[in-house]
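Asks: Sequences are here, hints too, so could you generate the full structure?
Count the sequence shown with full-length UniProt numbering and you get residues 1 to 611, in order.
No lab work stands behind these hints, which were simulated from the structure alone. The model shown is predicted, which means the values in this text are computed figures rather than measured ones. One thing to keep in mind: the hints can contain errors.
[Unchecked claim] Straight-line distance between alpha carbons at most 25 Å, and here's what the computed SDA-like set of lysine to any residue pairs gives:
no.: 1; residue 1: 155; residue 2: 165
no.: 2; residue 1: 550; residue 2: 538
no.: 3; residue 1: 255; residue 2: 102
no.: 4; residue 1: 481; residue 2: 497
no.: 5; residue 1: 309; residue 2: 79
no.: 6; residue 1: 369; residue 2: 155
no.: 7; residue 1: 255; residue 2: 170
no.: 8; residue 1: 369; residue 2: 555
no.: 9; residue 1: 369; residue 2: 519
no.: 10; residue 1: 550; residue 2: 494
no.: 11; residue 1: 365; residue 2: 66
no.: 12; residue 1: 369; residue 2: 166
no.: 13; residue 1: 365; residue 2: 480
no.: 14; residue 1: 155; residue 2: 139
no.: 15; residue 1: 550; residue 2: 519
no.: 16; residue 1: 255; residue 2: 139
no.: 17; residue 1: 365; residue 2: 557
no.: 18; residue 1: 367; residue 2: 493
no.: 19; residue 1: 369; residue 2: 482
no.: 20; residue 1: 369; residue 2: 547
no.: 21; residue 1: 255; residue 2: 141
no.: 22; residue 1: 255; residue 2: 178
no.: 23; residue 1: 577; residue 2: 567
no.: 24; residue 1: 365; residue 2: 478
no.: 25; residue 1: 255; residue 2: 147
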Amino acid sequence: MMNIFGVVLFLRTGWMVGNAGIGLSIVIVFMTISMALLPILSAIGVTERCHMEHGGLYFLLSHALGGRVGGSVGFLFVFGQAVVCSLYCTGFGESFAEAVGWNNEWAVRGIAIVTLLVLLGINLAGVKWVIKVQLLLVGCLGISLVDFIIGTFVKTDYAAGVVGYSVENFRNNTGPDYIPGQDFFTVFGVFFPTATGVMAGVNMSGDLKTPNRSIPIGSLSAIGVSTVLYVLFVLLLGAVCTRAGLQDDFMIAEKVSGVGVLWLLGLYISSLSSCLSGLYGAPRVLQCICNENVIPVIKVLGRGRGPNKEPFLAILVCGFISFSFLFVGQLNLLAPIVTINFMLTYAMVDYAYFAVGMSYDMHLKRKEKYEGNGDKKETESLLSHVIDKGKKETDEKSATNGMGPKYGTLEEPKTGSLIDTSEPKTVEKVLTKDQMADELTSSALEKDVDKKGEDAEKGKVKTGDRDDKDPPRTFHYEIYKMPSSWYSFLCNRWVSLIGAIASFVIMFAIQWGYALANIAVYILLYVYIGQANPGVYPGLTDFSLIQWIKTTFQSLCRRGPPPPEQYVVTPMFVPTKMETEQLNEDSEDYQGRGRYHQSTIMKGEEYDQFE
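Replies: The following block contains the structure:
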């Protein structure tokens, strides 16, 4: 919730209603929510079908689509998070400067720079206390929202354009009335950064006890509550404010609220908390990319400082990016940059789930092709029949049911012998291959468990309860069927594909120059990673979009039935009879003994009786 209720909601909702009108503003809200909801559902689908228990957005893309895609999109995601921090600081500076009467762009930039430096210092010192007070901050944010709703009933300011509830005013604000230089997609580009925090739950999956349960409930609940409040903001501002006031005054919501200080408190808390979260998360994603050597040229940024390996250099780099974009000085110019960057990231998440679903179908078809409709088990092959038959014969011979001696035991001699066989003897244990494999495996596991236990005891002496806090990351190299749940029907690959295509289209509709720049950077990083690090993880999916489009187009244009399926049949050789030949003849001296190695213990006193 803290990441979704950002500075744009407080400062640009009224401006959006003044330009697009109430009707199109609600359309923009639902478009924004849809563009944010689809990546969340796609991320949930990927994590559950690939059994990913830990890891954020970067690890999700790397695991599903490969290190080249994950590294390229992850780098752009870090860049977008850094620019978002600039947007939050600019919004904070804009509201603070107007509150104290400093109507100057350089005053806004100065306040934003000081705010960013303070937050960077807090981040370098440690922000664990900020995470602990998140619930308190959400409570303060809720108080400011309640103050705004109450203010619509009790407060009017005709000079500022706040006239109270009026049917005529609501009717006048229903349709669009854009100021010069604005249209539907530019207004959408300014409002979309409110949805840049929807991936917070996915990014913190490593810190959750049950991520497969917590992420869907938390993310979908936050989106549902946010949708209701967004629509409520649009309706209330459109009902109580004039269009001129909505277009000209970015702080119109502060004049609507009952106690302006509470509204400013919510604005400052949301902007500072969101900025601090961005400065905390982005450097750690960058450190992860560098430590895995996905982009070798920036490997040095993965170095950490202190016992927790704090990404000191990565924090400085992200802070420098944020500092550079502060000089833009206008929230309306920063918002489209953030929008296009995140829409590209969300489009790749949508495509990742589509690729996972298509790869699963490809695996099923391949399994049916080579295993006969998927019903033929490995034990039904010809070789398995031979192995099972031989094993069965061996078990029958070794069964101690009174019908014969057990394999590996000594028979009692029928006549007297020179050796007293009444004493206990040790007999070597003859194992089958399966039994030997089981014993070797069990002994190896026991040694491994003992070794791990010793290491764990040593580790606990040094690191305390670190093992409980940092569980090992597990990798699964198989795609599974989507487990049934109350939200599983929402995860649909075709809807995700439509969402990815829509994201690309809207990117170019908002600002085609920024869209081309982001795609060009992605292509350059993708090619560079392939050249500099060709051994990077290829990804779990083996689906090719280009090949799929080509195959689909050919099947649509083909006339007549599809070509018959071809099989490769091994050649049949002439059956030959093979017999074993023995070079030497059997001696009759030991013909009563079995044909296997035997051993017995002979004691010294057994020879003394012949002296």
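Asks: Straight-line Cα separation of residue 481 and residue 497 no greater than 25 Å?
Replies: 19 Å, holds
Asks: Residue 369 and residue 555: Cα distance at most 25 Å?
Replies: 20 Å, holds
Asks: Given the proposed pairing of residue 365 with residue 480, does the C-alpha separation stay at or below 25 Å?
Replies: 14 Å, holds
Asks: Are residue 309 and residue 79 close enough, with their CA atoms no more than 25 Å apart?
Replies: Given that 25 Å is the threshold and the Cα spacing comes to 21 Å, the pair holds.
Asks: Against the 25 Å threshold, does the CA-CA distance of residue 155 and residue 139 hold or violate the hint?
Replies: Given that 25 Å is the threshold and the Cα spacing comes to 23 Å, the pair holds.
Asks: For residue 255 and residue 147, compute the direct alpha-carbon distance and say whether it is at most 25 Å.
Replies: At roughly 11 Å apart (the allowed maximum being 25 Å), residue 147 and residue 255 satisfy the hint.
Asks: Compare the distance between the alpha carbons of residue 255 and residue 170 with 25 Å, and conclude whether the hinted pair is satisfied.
Replies: 18 Å, holds
Asks: Within 25 Å, alpha carbon to alpha carbon, are residue 369 and residue 166?
Replies: 69 Å, violated
Asks: Would the pair residue 369 and residue 482 pass a check requiring their Cα atoms to be no farther apart than 25 Å?
Replies: Distance of about 22 Å is within 25 Å: holds.
Asks: Checking one constraint from the list: CA of residue 550 to CA of residue 519, max 25 Å. Satisfied?
Replies: 23 Å, holds
Asks: Within a Cα-Cα threshold of 25 Å, do residue 365 and residue 478 meet the stated pairing?
Replies: 15 Å, holds
Asks: Keeping to a limit of 25 Å between CA atoms, is the pair of residue 365 and residue 557 held or broken?
Replies: 23 Å, holds
Figure legend: structure checked against the earlier numbered hints; hints not met, in rising order: 6, 9, 12, 23.
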